[in-house]
Every structure is written in structure tokens, then in C-alpha cells.
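Asker: Here the protein sequences line up with chains A and B, keeping their order. Count along the first sequence from 1, then add 1; that gives the number in my numbering. Count along the second sequence from 1, then add 1; that gives the number in my numbering.
Just so you know, the hints here were simulated from the structure itself, not pulled from any lab data. Hints may be right or wrong, so weigh each one.
One copy or two, either will do: identical chains are not told apart, so a pair holds if it fits within one copy or between any two.
[Stated by the list, open to error] Cross-link-like lysine-lysine pairs, in silico, DSS-like; alpha carbons within 30 Å at most: (1) Lys182 to Lys596; (2) Lys285 to Lys153; (3) Lys190 to Lys26; (4) Lys303 to Lys153; (5) Lys560 to Lys12; (6) Lys153 to Lys560; (7) Lys318 to Lys182; (8) Lys538 to Lys359; (9) Lys538 to Lys182; (10) Lys538 to Lys560; (11) Lys560 to Lys596; (12) Lys257 to Lys153; (13) Lys532 to Lys318; (14) Lys532 to Lys190.
What follows is the residue order along each chain.
Number of protein chains: 2
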Amino acid sequence: MPLPAHVVAGKGEFLIDGSFGITLKGYQEARLERAEQRFLETLSRETGIPLWREAVLNQPHFMIQTVGPSAPVQQLGENESYHLEVSTTDVQLTAANPIGVLRGLQTLLQLVRVTPRGFSVPVVRIDDEPRFPWRGLLIDSGHRFVPISALKRNLDGMEAVKLNVFHWRFADNQGFHVESKTFPRLQEKGAGGFYYSQDEVREIIAYARDRGIRVVPEFDMPCHTASWFLGYPDLASDQDPSRSSAMDPTRESTYKFLGGFISEMAALFPDSYFHAGGDECDVKEWEGNPRIQEFMRARGIKDGAALQVLFTTKIQKIVASQNKIMMGWDEVLQPDTPRDVVIQSWRGAETLAEAGRKGYRSVLSSGYYIDLNQSAAEHYLVDPLGAAAATLTADERALVLGGEATMWTDIVSHENMDNRIWPRTAAIAERLWSPQQIQDVDSMYRRLAIVSRKLGYYGLRHRLITDEMLQRMSGDPDPVPLRVLASVVQPPRLYERQQLRTFTDSTPLNHLDDAVPPESETAREFNEIAKRIASGKATPQDWQQAREWLVLWRDNDAKLQPLLQRSYLTQDLAPVSRNLFQVAQIGLQALEDLKEHRLVSPDARQRNIEFLTLASKPQAVLLLMVAPSVELLVQATSTK
Amino acid sequence: MPLPAHVVAGKGEFLIDGSFGITLKGYQEARLERAEQRFLETLSRETGIPLWREAVLNQPHFMIQTVGPSAPVQQLGENESYHLEVSTTDVQLTAANPIGVLRGLQTLLQLVRVTPRGFSVPVVRIDDEPRFPWRGLLIDSGHRFVPISALKRNLDGMEAVKLNVFHWRFADNQGFHVESKTFPRLQEKGAGGFYYSQDEVREIIAYARDRGIRVVPEFDMPCHTASWFLGYPDLASDQDPSRSSAMDPTRESTYKFLGGFISEMAALFPDSYFHAGGDECDVKEWEGNPRIQEFMRARGIKDGAALQVLFTTKIQKIVASQNKIMMGWDEVLQPDTPRDVVIQSWRGAETLAEAGRKGYRSVLSSGYYIDLNQSAAEHYLVDPLGAAAATLTADERALVLGGEATMWTDIVSHENMDNRIWPRTAAIAERLWSPQQIQDVDSMYRRLAIVSRKLGYYGLRHRLITDEMLQRMSGDPDPVPLRVLASVVQPPRLYERQQLRTFTDSTPLNHLDDAVPPESETAREFNEIAKRIASGKATPQDWQQAREWLVLWRDNDAKLQPLLQRSYLTQDLAPVSRNLFQVAQIGLQALEDLKEHRLVSPDARQRNIEFLTLASKPQAVLLLMVAPSVELLVQATSTK
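With these hints in hand, go ahead and build the complete structure from the sequences.
Answerer: Shown next, in the form of C-alpha cells:
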């Protein structure tokens with residue numbers, strides 16, 4: 002995952018044992034040696050077989066042929082293709098440049114599995130290349146600081162699923178988290194003590210380059226900028242900077258400052274693209290300011306949006322003067338926006354189509370907001386060339402560069418971030434890499450479970466977080482019944498969670514809706530079974546599994562209630578647990594009715610459906626995901 | 002854990018919330034500030050509440066009073082006492098020096114629990130100090146290289162349970178893993194590519210000092226030294242260095258080399274103690290060598306052991322010339338051993354008593370070999386002043402400095418090391434810190450479970466390893482039935498494991514006996530219940546729990562067998578799983594017989610006992626730990 006473009010499966014397998022070896026042929030560079038070393042380390046972790054480079058050089062069963070170098074600074078659209086051929090006796094990987102080699106190595110790691118003969122790779126022939134050249138993950142270090150270690154492991158995960166753009170966002174109203182040497186008060190006053198030094202930034206850029214990943218920085222402006230004003234209050238629109246979150250676009254001093262700042266950052270970040278934000282400007286701050294009103298009147302600027310175009314145009318010129326291409330959120334797409342600005346669509350797929358029709362290049366993020374707790378399937382089925390973009394001409398479609406998953410940190414911390422990013426981002430990565438016609442959701446989920454496990458070998462913590470947080474919440478080293486409840490609930494989707502719970506910047510994120518993954522695996526599987534039972538297509542194993550789960554859930558409440566009372570973090574889960582008990586009871590009854598073809602009383606059936614509808618609504622900021630599935634079962638029963 | 006020396010419990014609790022703050026009073030140093038920062042970070046991880054030092058300084062509810070500094074280089078026997086007082090409104094920690102503060106901070110962290118009101122610490126007054134001044138953990142980087150990250154997290158764990166000596170062993174026949182600038186061929190030829198640079202050594206020493214931990218280096222000599230000879234063959238006794246594992250004690254050049262080497266290492270490691278090994282010399286290598294025979298004859302040295310005394314005496318002089326005190330394994334205790342050598346007893350407690358009677362200081366490791374898969378209770382009940390040492394006079398007893406748990410890496414890698422070290426080492430730490438009369442095993446296990454969970458907040462991986470390895474072995478992201486089997490088996494104790502399985506330096510340690518912890522928690526609890534049932538003291542919950550477990554184990558085999566066949570790492574577990582099935586069946590029958598007071602056929606009873614005895618023997622290098630408990634149940638039934 003992502004599935005390669007062309008796969009020809011063969012017969013047999015290539016065994017991996019202590020004599021496994023690699024030879025690098027053709028073009029050589031240190032990055033390739035490091036990639037080889039990293040590959041062997043990951044393979045060792047995955048198999049438990051000690052593999053050292055020295056031991057390995059004697060018996061090379063794995064030949065890597067690199068034709069030539071890639072660009073000194075990784076460019077959009079560089080060749081990432083590779084050819085991988087596995088026979089029972091050896092493995093051959095060929096690529097035009099080191100980036101292709103990196104991609105092929107990850108494919109090979111994903112092919113490793115354990116069989117009755119040993120750890121092995123199936124005989125196969127793969128020709129692969131990406132569908133889109135821009136396949137990104139945004140990590141927001143603006144709302145909350147994200148430690149270097151968390152960034153690194155997520156870059157490892159990005160490499161594993163062949164993402165190639167790390168969109169790194171540094172500032173928001175809450176904080177300014179990178180070192181400026183030109184304007185040091187930015188981090189001194191705006192960072193709350195946590196910021197990346199320029200050396201750390203360079204370390205991350207090198208780390209990313211080693212993995213074939215570009216780093217595109219974002220400095221969001223002119224809004225979301227309250228943290229800038231702590232050190233440089235003159236940038237603010239309002240005379241009282243503490244009441245302002247928008248820069249003043251009317252003053253020359255603003256552009257002088259930004260000219261200096263952008264030139265410093267353009268030198269720090271070697272990538273050709275520079276993201277200048279531009280989203281969610283509350284134009285009222287300008288329109289309500291007499292001084293700015295006067296400025297607009299004098300120049301015939303009709304409203305705040307038009308004022309932002311003026312700002313964007315000036316920023317674009319500064320960015321261009323640094324030989325960079327500007328990128329912005331979809332709000333920057335206005336009648337006079339310079340043509341080479343790349344539009345990142347977040348409010349809807351329509352803006353992406355609009356950008357294409359107007360001749361702008363674009364990147365899709367709408368539909369890939371992984372902080373919003375949607376299912377992997379939902380993200381998977383969003384295609385950059387689907388929806389409104391499907392009507393574009395071939396030339397216009399070529400302007401759609403790809404997409405980016407976005408990990409916003411308003412209400413996610415670096416502690417639980419991994420379980421929001423993974424494994425669902427692997428499904429988005431497949432959408433962006435693999436051929437468009439690959440759309441089978443069941444196949445995706447099957448493979449996602451395997452990839453999710455493998456991502457653990459890269460140090461990602463997504464599969465560990467929930468249990469650690471449940472132990473903390475309960476104070477119990479082995480909170481079995483809480484784990485059962487946690488396995489069938491989810492945080493509400495989209496923006497509903499924020500409506501149900503008050504979040505401030507210092508809210509502890511240690512509740513069950515922080516702990517559980519965005520998608521309940523158990524509930525999804527139970528739902529599949531319930532659908533098969535309701536439609537008369539269930540196997541005997543389906544019936545048994547459904548019964549086992551329902552019994553487990555029914556009997557769980559009695560064990561869980563005393564545990565819940567012991568901690569302030571679990572007390573409000575009591576009604577959720579009771580609901581699960583009742584839902585399971587109804588489910589068991591329905592199961593029996595269906596099995597025995599028993600006719601049920603219409604009244605009782607109706608009462609059950611009403612209860613299940615109620616139980617499907619959020620409680621304690623959680624959705625009881627099995628309630629709708631039990632409703633399917635009840636709906637399938639017949640009345641007297 | 003370890004339990005403090007004096008505790009007076011009060012009423013009420015001190016709540017920890019976002020306004021929690023610390024003030025450092027009295028003596029100040031950077032180490033205290035770092036300790037404060039680390040304390041807040043751990044507390045944040047433990048509670049999920051964001052705690053930043055800046056935010057915190059406004060409202061100090063926690064006062065730390067440090068009277069004065071500790072020694073520039075931490076010394077044996079430095080004051081580690083502290084006084085901790087928790088009221089409902091604030092916390093006071095007082096100590097003579099920063100080391101005492103470190104100890105008190107860990108006590109406070111252990112007191113944090115979650116209650117219906119929030120995260121809190123109970124009101125309490127504690128006066129605490131250690132029983133022994135030498136409380137160590139040996140990590141063997143000689144057999145296998147242990148990465149810096151693994152050392153650091155284990156140093157964190159040591160701090161958590163108030164251990165104060167990291168005994169770091171660098172070389173063995175298998176490898177020489179530290180950088181010598183004087184004799185660089187040691188690591189160039191002997192390290193297999195993996196060694197600690199001197200900068201890394203200094204980093205670890207500083208890291209340990211920050212945690213109140215001394216670093217005592219060990220360079221084992223004159224034996225276990227084959228890896229030295231790869232770079233410096235002249236050191237070897239045998240003319241063919243590849244056949245030699247003992248240094249030549251007859252050549253002046255050997256002492257010249259060691260003089261240079263020890264002086265380099267004595268400068269690198271600031272601690273006053275220097276461990277020169279001395280264990281397990283196969284004296285036949287000397288006694289069978291004509292040149293060495295001649296040397297011995299000429300000087301009237303009667304055997305190899307006496308020759309080692311000559312070596313030890315010379316090394317002791319070299320060590321003493323560097324102003325260090327030499328330490329050695331108990332073999333170095335010979336008639337003429339210099340009196341200030343500290344004896345580390347590993348072959349038995351008797352040598353420790355003997356050392357005491359002869360006026361030598363000593364450290365106990367016999368009984369604390371955590372690589373040998375004994376239970377926490379076994380280690381817990383070994384007392385440095387118990388057994389043979391109990392007969393020592395008061396003066397002689399004062400020579401017993403403490404003890405050291407030993408993590409040998411012959412057949413443990415850095416991957417599964419944490420689950421060998423933790424949590425059992427916490428029980429040893431309690432033995433060495435807490436008053437001698439604290440001996441309650443049940444209380445120890447109850448507290449050990451809590452500490453084990455808390456150690457996870459220090460980054461220790463002991464509770465994660467088993468499941469990761471089971472997933473790898475099976476290739477299944479959620480191998481439920483394999484987990485059930487794994488929960489009731491253990492690797493054989495002491496040296497039996499090595500007899501049942503062939504290990505070389507490159508043996509992959511990825512089997513089930515590598516994966517499971519040394520002590521099965523489930524089997525231990527089941528055994529307690531079986532004992533209560535057999536003796537007629539069981540509660541209804543005991544009966545129910547026993548039945549639930551036995552049903553789970555009986556039904557597990559059918560689910561597990563197909564999974565086992567899929568991987569070469571699990572195929573040999575098939576008979577173990579079948580045994581569990583049969584043991585559980587017998588157990589369920591016995592449970593019913595006991596409940597109904599049914600008389601059973603003597604023949605059937607005898608057959609069952611014979612089967613259970615057989616099932617208690619190792620299979621696939623694993624002990625089925627519940628078989629003896631089921632035998633208790635069968636033994637408790639009455640025959641017709």
C-alpha cells in the first residue's frame with residue numbers, strides 16, 4: 002500500500018535469512034548507503050533476524066541499480082518510478098535515480114511476510130510510478146508545538162507509504178514556533194518556550210530529503226497571526242495588538258518586515274515552493290477599522306476580500322523575488338491572483354475545479370482532513386480528479402498536482418497525533434499514488450490492517466496510544482472492560498466534537514474521545530456482519546462472531562461500572578456503558594428472532610428502534626458505533 | 002516502590018491540575034532545574050495535563066528545599082535521604098543535597114494516582130533513606146551491543162526505583178564495544194561496527210549523574226577477552242589468538258598494554274570504582290601452554306588460579322595508581338587478593354560471607370541474575386544480609402555494600418531486554434533500599450503491577466514487547482489466540498533454556514521463549530486461586546475466575562492451531578497449545594468434581610496427574626505454567 006501501478010505475480014518465494022545481502026550498483030551517493038542501512042534495520046526489526054551491513058556484503062542476493070542522481074534539491078515532478086523483480090533466488094531493484102530506489106525499497110518491505118518456510122517475499126514483477134507528483138502530509142506546529150521526535154517518526158511513516166511532501170506549518174494565533182534570527186522576538190515572545198532552532202529545521206529537511214520528501218514551509222498570513230504581534234505589535238491591524246489576529250495590509254512597514262522575514266525563511270527552506278497561508282481572514286477586523294477604511298476608500302478597494310488580494314499580490318512578489326513559487330489556501334484565489342500561485346483547496350473540491358478552469362495549479366486537501374475523525378473509506382474515495390474536477394479538460398486536469406492530508410493540532414496533541422494520522426493516511430497515500438481505478442474499499446481495509454502493523458516497525462505509536470491512555474484514565478494496569486467499551490466508540494465526526502466539548506489551548510487531552518482512534522475497527526467489522534445477517538447472506542461464522550461480540554458487550558457493563566466510578570476521567574462514561582449493555586441485549590434478542598424466524602411485536606420493535614436511534618447520538622463526546630448496526634438487525638426482524 | 006523507611010499516612014488528597022507549580026529553594030544548580038523539568042514532563046505524561054515550567058512558576062504549590070551540594074563526582078555512601086510532606090494544599094520536599102531531591106521526586110511521582118476528584122497525591126509524611134549504599138544494575142554491552150537509546154530509558158527506569166549504580170560492561174569474547182583512542186584497533190577490529198564513542202560514554206555518564214546514578218565501567222580480564230585479540234593478538238595466551246580467550250599473564254607487555262588502557266579508561270570514567278572482571282577463567286588454557294607452564298614452574302606458581310592472583314595483584318596496582326578502587330567477580334577472592342578490592346559475588350551467597358569474614362567489601366549479585374527467568378518473588382526474598390551473610394558480625398555486615406541485578410545479553414537482545422529487566426528489577430530495588438523486615442510477597446506483587454505500568458511513562462518497553470513479537474511471529478495484526486497461549490507460558494528458569502535450544506551470536510531471538518516475560522502474571526494469579534480452592538479457602542469470585550480461564554484455555558486450541566501453521570516461528574507451538582487444551586479440560590473436570598464433592602476414579606485421577614506432570618515439563622523451550630496449578634486441583638479431589 003499504495004498498490005503499485007503494474008504487478009505480475011509469480012510462483013514461489015524469496016527467503017530472507019541471516020545471509021541476506023545488498024549490493025549497490027551504478028550511481029552511488031551517501032543517501033543510498035543510508036537508505037540501505039535503514040532498510041536493513043527495518044527488516045531486522047520486522048523479522049527479528051540480525052542483519053548487519055558488513056556481514057551482508059559477502060553474499061549479495063539483492064541488487065540495487067541506480068541510473069543517475071536526482072536534483073540537488075528535490076523538485077516537484079521528479080522521476081519516482083522503479084522496477085522491482087523478485088525471483089526465488091534474488092531480488093533486483095532498478096530506478097532512474099535514488100528517489101525511485103527509496104520507493105522500491107518500501108514496496109519490498111511491505112511485501113515481506115512470514116510463511117511456514119520463513120520470512121519471505123513472494124516472486125513478483127512490479128513496474129511502478131505515482132499518479133500525482135504532489136502527495137503530502139501537513140503537520141501543524143502552529144496550534145501546538147510538535148517535538149522533533151514525533152516529526153521524525155511521521156516522516157518515516159510518510160516514506161513507508163510513498164508520500165513526498167511534508168507541509169510544515171509553523172505559526173498560528175496560539176504560537177510562533179520557529180527561530181528567526183532577523184526577528185528574534187518572534188520566537189522569544191511568541192513561542193511559549195517551545196520552538197525549532199534553525200539547526201533543527203535543517204536537520205528535519207535533511208532527514209526528509211533522505212526519505213525522498215520535500216519540506217514546504219507555511220507561514221500563514223495575513224491572519225491567524227496573533228502570536229507574531231507579541232514580539233512585533235506594529236504588524237497588527239488593531240491599535241491594541243492583543244485584540245488583533247490580522248496583519249495590517251495597509252502599512253508599508255508590514256511589507257518591509259515580511260520582505261526581510263520571507264527572505265530569511267526562503268534561504269532556510271530550499272524547496273521551490275513557499276506557502277503563505279491566506280485562510281480564514283475575518284475581514285471585519287479591517288472593515289471595522291477607521292484607519293484601514295480610509296485607506297480602502299482612498300484607493301477604491303471595495304471590501305476586505307479585495308484588500309486581501311492586494312496583500313496576496315504583494316506577498317507573491319516578495320516570494321517570487323526569492324525565486325520561490327507561492328502557495329496559498331483557497332481563499333487566495335481571487336480575480337487578480339497572480340497566475341503561478343498554487344491553490345490548496347480546503348473548503349471544498351469546487352475551488353479546485355475553479356482553480357483549474359482559471360489556469361491555476363492546485364492541491365486538494367478538502368476531504369483529506371484527518372483531524373475530523375472520518376473513516377478511511379471516506380478519505381479513500383475522495384479523488385483529486387473526482388467530483389467537480391471530473392468535468393475539467395485534460396489540460397486543466399494536468400494542473401491538479403495531487404493532494405495533502407492535514408493534521409491540524411487545535412484539539413490533538415503530539416501524544417495522540419499518531420492515531421489520527423495512521424493508518425488512515427495510508428489510504429490517502431494510495432489514492433494519490435495508485436491508478437485511479439483502484440477503488441475497492443474492502444481490499445483497502447484488508448491491506449490497511451497489515452500496513453498499520455508494519456508502521457509500528459517505523460516507531461509510529463498509533464497502535465499503542467489508546468491502551469496507554471485507557472490505563473492512565475482508569476489507573477488500572479490492565480483495564481479490560483474499559484478496553485471493550487473503547488473498542489466500539491468513536492469521537493464524533495467533522496466539527497461536532499468541538500460543539501460538544503469546550504477546548505482551550507491548555508485543555509488536557511486525556512479523555513476517551515482523545516484516546517480512541519477515529520475509526521472503530523471492531524464496529525466496522527460488526528457492521529459488515531450485521532449487514533450480511535440482515536440481507537440473509539451471513540455465514541455460520543458471522544452468526545457466531547456476532548453472538549460472541551454481543552454477549553461480550555452485554556456482560557461488560559457489570560464489570561466496567563465499578564471501574565468507571567474510581568476516576569474523574571471515566572465517571573461520565575457510565576451512561577455510555579449502560580447503553581452498550583442495552584444495545585447488546587436488543588441485538589441478542591434480534592439475533593435470536595432472526596435465527597428462529599420469530600415474529601416480533603410491532604410495539605416492542607418500535608421501542609427498540611427508538612432506543613437505538615437515541616443510543617446512536619453522541620454521549621460523553623462519543624458515538625456508540627455498534628448501535629446503528631444493531632438497528633439493522635432489528636429492522637430485519639418481521640412483525641406479527 | 003521501593004517502600005520508604007517511614008511513612009505516616011494522613012487524610013485527604015492534594016490535587017494536581019494545570020495550576021500545579023514548583024519552587025526550588027535553598028541550594029541551586031542546573032541539575033535541579035533539569036530534574037524539575039523532567040519531573041513535570043513525566044507528570045504530564047502520567048496525567049495528560051499540560052504542565053510547563055513557565056506557566057508553573059506563578060503558583061508554587063510544591064516547594065523543594067535543597068540544603069547543599071552533593072560531591073562533584075557522585076560517591077558511594079552519599080546522603081540520599083529526603084523528607085516529603087503532602088497536605089491537601091501543598092507539597093514540601095526537603096533534602097540535604099540534590100540526590101535526596103531526586104529520590105523524593107520519584108516517590109512523589111509514584112504516589113500520583115487518579116481518583117474520583119482528579120489526579121492526586123494522598124496526604125502523607127515520609128522520612129526515607131536507603132538501607133544499602135550500592136544498588137546497581139549491570140547491563141552487558143559485551144555479548145551484544147546495546148544502543149544508547151536503550152541505555153537511556155533503562156537509566157530512567159533505574160532512577161524511578163532509586164537504583165544508584167549503572168555497572169556498564171563493555172567487552173566479552175563476542176565484542177569490544179567502546180572507543181579507545183590509545184588502542185584504536187580494539188574497536189576497529191573487535192566491535193563488528195558497533196561501539197560507543199567516548200563522547201557517547203560521556204553523554205551517558207552525564208545522563209546518569211543527572212539521575213543520581215554512578216557509572217562503574219567493567220573491562221573483564223584476563224579471560225572473556227577474545228575480542229581484544231582481534232586488534233592486539235600479542236595479548237593472547239595462545240600463539241594462535243583465534244583459539245585463545247585468556248590474556249597472557251606472564252608477559253610484561255600485557256601489563257604495559259593494560260597500564261595504558263586502564264589509565265585511558267580511568268580518565269574517561271570519573272567514578273572511584275573500576276571493575277576488572279576476573280570471572281570464569283578457564284585455567285587449562287594457561288596450564289596447557291608450555292611457555293606459561295615454564296613461567297609458573299620458574300616462579301613456584303602452583304596452578305592457574307594462583308597465576309590469576311598474580312594477574313589480579315598487578316591489575317589492582319595499576320587501578321590503584323589511577324586513584325581508583327578495583328572491583329572484581331568473586332573468583333578474584335584468593336588468599337593474597339589486595340584488601341581494598343571489592344568482591345562481586347555471583348556464584349553464591351557464600352562467597353559474600355567469606356569476603357566479609359576476610360575483611361573485604363562486597364556486592365551481591367548471586368540471586369539477582371535477572372536473565373535467568375526467575376520470579377520476582379525469588380529475587381525479592383534474596384537478602385544481601387540473609388543466607389550465609391546472616392552469621393556475620395556487625396562489623397563484617399557493614400562491609401556488605403548492597404547488590405546488583407545483572408542483565409547479561411548472551412541470549413537477550415536490546416529488543417526484548419526491557420521485559421527481562423522490568424518490572425522484576427523494581428523488586429530487587431526494594432530489597433536494597435527498604436528496611437529488611439519488608440518481606441510481604443503479596444504486597445510486593447500488588448505494588449509491582451502499578452510500578453510496572455508507571456515505568457511505561459519513562460519510555461520503557463517491557464509491556465509492549467511481547468505483543469509486538471507475537472504479531473511478528475504470526476504475521477497477524479491481532480493474534481488473539483496466540484496471546485492467550487503466550488499469557489500462560491514462560492521460558493525455563495536458570496540455565497535450562499540454553500540446554501534446550503542452540504544459541505549462537507547470530508541466532509535470531511524471535512521465538513516465543515524470547516517474547517514472553519520471565520514470569521506469567523496470569524499463571525501466578527491462577528496458581529493463587531488454585532491453592533485457595535484446593536485448601537477450601539476460595540471465594541465465589543475465585544471459582545468463577547478459575548472457570549472462566551479454564552474455558553478460555555480449553556477453547557483456545559481450536560482457534561490457535563490454524564494460525565500456528567501459517568508461520569515457521571509458531572509451528573512448533575502446536576503441541577504446547579494442545580497441552581493447554583488438555584490441561585484445561587482436566588482442570589474443568591476437577592473444578593466440577595470439587596464443587597459437587599464428587600468422588601473420582603483413582604485410575605483416572607492417576608492418569609491425569611501423570612499427564613499434568615508431563616505437561617509441566619518444557620516443550621518448545623517453554624513451560625506451561627498452569628499445569629502444576631491444575632495438578633493442585635486434581636490432587637485436591639477425593640477418590641472413590
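Asker: All hints are to be evaluated individually against the structure, with a verdict given for each.
Answerer: Quick rundown of the hints versus the structure:
1. For the identical chains of this complex, lysine 182 and lysine 596 are neighbours neither inside a copy (72 Å) nor across copies (78 Å), given an alpha-carbon limit of 30 Å.
2. Neither within a single protomer nor between protomers do lysine 285 and lysine 153 lie at most 30 Å apart by alpha-carbon distance, with minima of 40 Å and 53 Å respectively.
3. In the homo-oligomer, the alpha carbons of lysine 190 and lysine 26 lie at most 30 Å apart only across protomers (27 Å), although the nearest pairing inside one protomer, at 52 Å, exceeds that limit.
4. In the homo-oligomer, the alpha carbons of lysine 303 and lysine 153 never lie at most 30 Å apart, since the shortest distance is 46 Å inside one protomer and 62 Å across protomers.
5. For a Cα distance limit of 30 Å, the shortest separation of lysine 560 from lysine 12 across copies, 29 Å, qualifies, whereas the shortest one inside one copy, 51 Å, does not.
6. In the homo-oligomer, the alpha carbons of lysine 153 and lysine 560 never lie at most 30 Å apart, since the shortest distance is 40 Å inside one protomer and 39 Å across protomers.
7. In this homomeric assembly, lysine 318 and lysine 182 come within 30 Å of each other (Cα to Cα) only inside a single copy, at 23 Å, whereas the closest approach across copies is 56 Å.
8. When the C-alpha separation of lysine 538 and lysine 359 is checked against a cutoff of 30 Å, the pair qualifies neither within a copy, at 50 Å, nor between copies, at 83 Å.
9. When the C-alpha separation of lysine 538 and lysine 182 is checked against a cutoff of 30 Å, the pair qualifies neither within a copy, at 66 Å, nor between copies, at 73 Å.
10. In this assembly of identical chains, the alpha carbons of lysine 538 and lysine 560 lie at most 30 Å apart only when taken from different copies (23 Å versus 34 Å within one copy).
11. When the C-alpha separation of lysine 560 and lysine 596 is checked against a cutoff of 30 Å, the pair qualifies both within a copy, at 29 Å, and between copies, at 24 Å.
12. Proximity of lysine 257 to lysine 153 under the C-alpha cut-off of 30 Å is found in neither arrangement, the shortest distances being 34 Å within a copy and 47 Å between copies.
13. In the homo-oligomer, the alpha carbons of lysine 532 and lysine 318 never lie at most 30 Å apart, since the shortest distance is 57 Å inside one protomer and 81 Å across protomers.
14. Taking the closest pair of Cα atoms, lysine 532 and lysine 190 never come within 30 Å of each other, the shortest separation being 56 Å inside a single copy and 65 Å across copies.
Taken one by one, the earlier hints fail for this structure at numbers 1, 2, 4, 6, 8, 9, 12, 13 and 14, listed in ascending order.
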